[in-house]
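Chains A and B supply the protein sequences, listed in that same order. The first sequence begins at 1 in this note's numbering and counts up by one. The second sequence begins at 1 in this note's numbering and counts up by one.
Honestly, the hints are just simulated from the structure, not real lab data. Take these hints with a grain of salt, some might be off.
Beta-carbon label-pair distances, calculated as ranges [stated by the list, open to error]:
1) B/Glu112 <-> A/Ala45: 29 to 37 Å
2) B/Glu18 <-> A/Met42: 16 to 24 Å
3) A/His29 <-> B/Ala53: 38 to 46 Å
4) B/Leu86 <-> A/Leu26: 26 to 34 Å
5) B/Arg108 <-> A/Glu28: 15 to 23 Å
6) B/Asn38 <-> A/Ala45: 42 to 50 Å
7) A/Val4 <-> B/Ala17: 45 to 53 Å
8) B/Arg69 <-> A/Gln58: 45 to 53 Å
9) A/Arg40 <-> B/Ala138: 17 to 25 Å
Cβ coordinates follow ideal geometry from the N, Cα and C atoms, glycine included.
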Amino acid sequence: MTVVTRVLLFASYADALGASEIDVALPEHATVGDLLQAVRGMAAAHALPAAPFIAVNQEYASAGVVLRAGDEVAIIPPVAGG
Amino acid sequence: MRAAIVERPIDTGALLAEVAGHAFGASALFVGTVREVNEGRAVTGIEYSSYSAMAEKEMARIVAEAAERFGVTAIAIEHRVGALALGDASVAIAASHAHRAPALDAMRYCIEELKKRVPVWKRELYTDGTREWIDPTAQHAAAGAAGTTPDSAQGGNAHA
């Protein structure tokens, strides 16, 4: 069974992929690392760096974090506040 | 303690007043403003955008860390987003304490961590009509493995 996860994109990454969000189909119990691999397989993803930061439910998450249905996932470009 | 993303001009006087109190003998205020030149290019303005829900949470986490490290509980942060002109304040941080050293330390901690971790982005507009996203990490971009976090990528000094 697959779970469709909505992934939020911002700033330069939203420009690169031409969308502010994308849906990614993943197997159950997929991790943040699995999600990154799936995104990298998508067209236009070459514009993303090898290891972008990921946030799950508005907190930075490492590659081993397991995703659950309904999680809010975002790919975070290099931050430039201040 | 308060941390907010705002879409209006930042009132630095109001921010200072917000953290003032008779128990405090020192208030520190940091204001970041839009500069006219960046890396040799003439800038006419900056468009800021954010992942606002996460940005407010991350700023609140930073404020809580500053409270724990320096014993400073009177802290207010605002980061503005939208189209800003030269000289406009993009971020302001006010911190008050009985004494100056903790107030200054807490203010410094908040702005340094904000620049590392808070999901806000800027696109500079140049006098020649072009615009560009700013990537402060561009010079050392190869660092980090998949799924690292800003903390771990930068030595993990920020929090537990």
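For this session: Tell me, in ascending order, the numbers of any earlier hints that this structure violates.
Result: 2, 3, 4, 5, 6 and 8
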